[in-house]
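Q: Fit chain B to the given chain A structure using the hints.
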Amino acid sequence: MSTPQVLFAYFAVAMTILSLLVVTRRNPVHSVLWMLVLFIHIAALYLFLNAEFIAAIQIIIYAGAILVLFLFVIMLLNLRKEETEKRFQKQWLYSIAISVLFVFFLVLIVGNITVIPPPGPYTADVIKSEGHIMTVGKVLYSEFLLPFEIASLILLVAIIGAVVLAKKRIE
Amino acid sequence: MCIKNSNMSETFVPSDYFPVVIFFIFALLIGFGTLLLGVVLRPKRPYTQKLYPYESGNPPVGEPRYKFSVKFYIIAMLFVVFDVEAVFLYPWAVAYNKLGIFGFAEMMLFVFILLIGYIYVWKKGAFDWE
Numbered sequence: 517m518s519t520p521q522v523l524f525a526y527f528a529v530a531m532t533i534l535s536l537l538v539v540t541r542r543n544p545v546h547s548v549l550w551m552l553v554l555f556i557h558i559a560a561l562y563l564f565l566n567a568e569f570i571a572a573i574q575i576i577i578y579a580g581a582i583l584v585l586f587l588f589v590i591m592l593l594n595l596r597k598e599e600t601e602k603r604f605q606k607q608w609l610y611s612i613a614i615s616v617l618f619v620f621f622l623v624l625i626v627g628n629i630t631v632i633p634p635p636g637p638y639t640a641d642v643i644k645s646e647g648h649i650m651t652v653g654k655v656l657y658s659e660f661l662l663p664f665e666i667a668s669l670i671l672l673v674a675i676i677g678a679v680v681l682a683k684k685r686i687e
Numbered sequence: 494m495c496i497k498n499s500n501m502s503e504t505f506v507p508s509d510y511f512p513v514v515i516f517f518i519f520a521l522l523i524g525f526g527t528l529l530l531g532v533v534l535r536p537k538r539p540y541t542q543k544l545y546p547y548e549s550g551n552p553p554v555g556e557p558r559y560k561f562s563v564k565f566y567i568i569a570m571l572f573v574v575f576d577v578e579a580v581f582l583y584p585w586a587v588a589y590n591k592l593g594i595f596g597f598a599e600m601m602l603f604v605f606i607l608l609i610g611y612i613y614v615w616k617k618g619a620f621d622w623e
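Line by line, the protein sequences are chains A and B. Take 517 as the starting number for the first sequence in our numbering and just add one per residue. Take 494 as the starting number for the second sequence in our numbering and just add one per residue.
With the rest of the complex left out, here is chain A:
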């Protein structure tokens, strides 16, 4: 196995183990902290796809902001009683069996597909020569101008929604 394969194998195995740790921890705060490690690993996986900007966003938004939100929600709920109760229902064995079957077929199908990416103006060499974020910026603020401006409206909805939902509980 070559070095990138070893690195990729590490991240794949680590992410599987970390995901299992997230769903099996009894203390929800521990789950969130394992999820933080998981998100950092996912960021590394984006680097393997040559998506440096997405990797940075993964750290800044997911690990930085969204996990803080998760943590606050967990503290808001105060899950003392839920922590002592049974977490998995009786059908968890069937769920695992179906998941394993699904993964088996997925590997069977995906293993037979060779991915030939469609040729476009932004090849790996072009991106490498002018810088990844420069390319993202140029495309995002010219070709994808409308989705970008729509994003601001969606963010506005999120702001108003958060205030409307939470403000009622304060009063």
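In short, the hints are calculated from the structure, not lab data. Do not rely on the hints blindly, as some may be mistaken.
[As the list claims (entries may be wrong)] In silico DSS-like links for lysine-lysine, alpha-carbon gap of 25 angstroms or less:
hint : chain 1 : residue 1 : chain 2 : residue 2
1    : B       : Lys-616   : B       : Lys-564
2    : A       : Lys-644   : B       : Lys-591
3    : B       : Lys-564   : A       : Lys-683
4    : A       : Lys-597   : B       : Lys-564
If you're wondering where the values come from, they're calculated on a predicted model, not measured in any experiment.
A: Below, chain B without anything else, positioned relative to chain A:
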């Protein structure tokens, strides 16, 4: 899967980020190392009085964890939203010279729409703690 099927071209190896990996390893080593050093070096002679949160103070009553105020949730939610806004500024700032005055105008529109939200939040008093 992409690793398996592509013929291992140079671009798939994020080798530029090797220093970041070293940084992470050192951060972990220093973090866990100091904790381990503390466990090894410090004497451990606990007794009930010493384990109280406030030695020679009031004995603690009730749960150490209590319900957080919903105010924290608003702050976290608004932080997420404005964090996303800040992320959009990064590629804009990098490509600023290529985009010209049109790029400036569209970002001003973007920031203006979010400024409306900011003023709304401010007027609603979501930033007031009391």
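Q: Next step is simple, just say for each hint if it's right about the structure.
A: Structure-based check of all given hints:
| no. | hint | verdict |
| --- | --- | --- |
| 1 | B:Lys-616 to B:Lys-564 | holds, 16 angstroms |
| 2 | A:Lys-644 to B:Lys-591 | holds, 17 angstroms |
| 3 | B:Lys-564 to A:Lys-683 | holds, 8 angstroms |
| 4 | A:Lys-597 to B:Lys-564 | holds, 23 angstroms |
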